[in-house]
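Chemist: Sequence order for the protein chains is C and S. For the first sequence, the numbering used here assigns the number 1 to the initial residue and increments by one for each residue that follows. For the second sequence, the numbering used here assigns the number 1001 to the initial residue and increments by one for each residue that follows.
Since the hints were made in silico from the structure, they are not lab data. The beta-carbon is built from N, C-alpha and C at its ideal position, and this holds for glycine as well. Warning: the hint list may mix true and false statements.
[To be verified] Rough simulated footprint, nothing fancy, chain S against chain C, three-plus residues with beta-carbon under 8 angstroms:
1. 44-54
2. 74-80
3. 96-109
If you want the building blocks of each chain, they are given just below.
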Amino acid sequence: RKEVEQDPGPFNVPEGATVAFNCTYSNSASQSFFWYRQDCRKEPKLLMSVYSSGNEDGRFTAQLNRASQYISLLIRDSKLSDSATYLCVVNSYGQNFVFGPGTRLSVLP
Amino acid sequence: EAGVAQSPRYKIIEKRQSVAFWCNPISGHATLYWYQQILGQGPKLLIQFQNNGVVDDSQLPKDRFSAERLKGVDSTLKIQPAKLEDSAVYLCASSLIRDQPQHFGDGTRLSIL
């Protein structure tokens, strides 16, 4: 089993739709979690950290379920500019960040 | 605040040749990472430095890859000799301390012919 797995995608959604991505991780000792966004032929950029209590940033909501070892990212009211690959990242303190393979999102007009 | 600087942006070489990449992290960032990202995959860590010391190089193919960060600031990653499967984007990232979110450079796109 891979350390970090994500929905394979791609997701093709119309503008204004709500879309959710899931990510599972195998290391139960994992402590910190992040979502990164990567545009085509660009570098990954931090979208948001994921906290145990869940957190929201505008149209983006991240949730963490430690018992089931998964995190999720919800995007409401999708915009064309949300089209990108979304990378799930998991870290255990003192160890390394592990990136998932990414889920590609295309928001269609 | 200046971001992570990498050069070159693109490199095309033939197999068995050598290549080197350079990275200058964000000022004050103690931790520096080199990642390899193959098309369609997430970044894979090659090596992590804390100041000028190596923290983790377990996934670095040491028979052909080497990296250094002699003064604890900028870093170079070298491949010698290159293989076809080394075609990828090589990303450098830095963070203030370990376990903090990383900031990435633009990457170097390497093509091996």
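Chemist: Confirm or reject each hint.
Modeler: Do the hints match the structure? See the list:
1. Evaluation of the coverage hint for the region 44-54 of chain C: fulfilled, as 4 residues show C-beta separations to chain S shorter than 8 angstroms, against a requirement of three.
2. Counting residues of the region 74-80 of chain C whose CB lies closer than 8 angstroms to any CB of chain S gives 0, so the stated coverage by that chain is violated, three being the minimum.
3. Counting residues of the region 96-109 of chain C whose beta-carbon sits less than 8 angstroms from any beta-carbon of chain S gives 7, enough to reach three: the coverage restraint holds.
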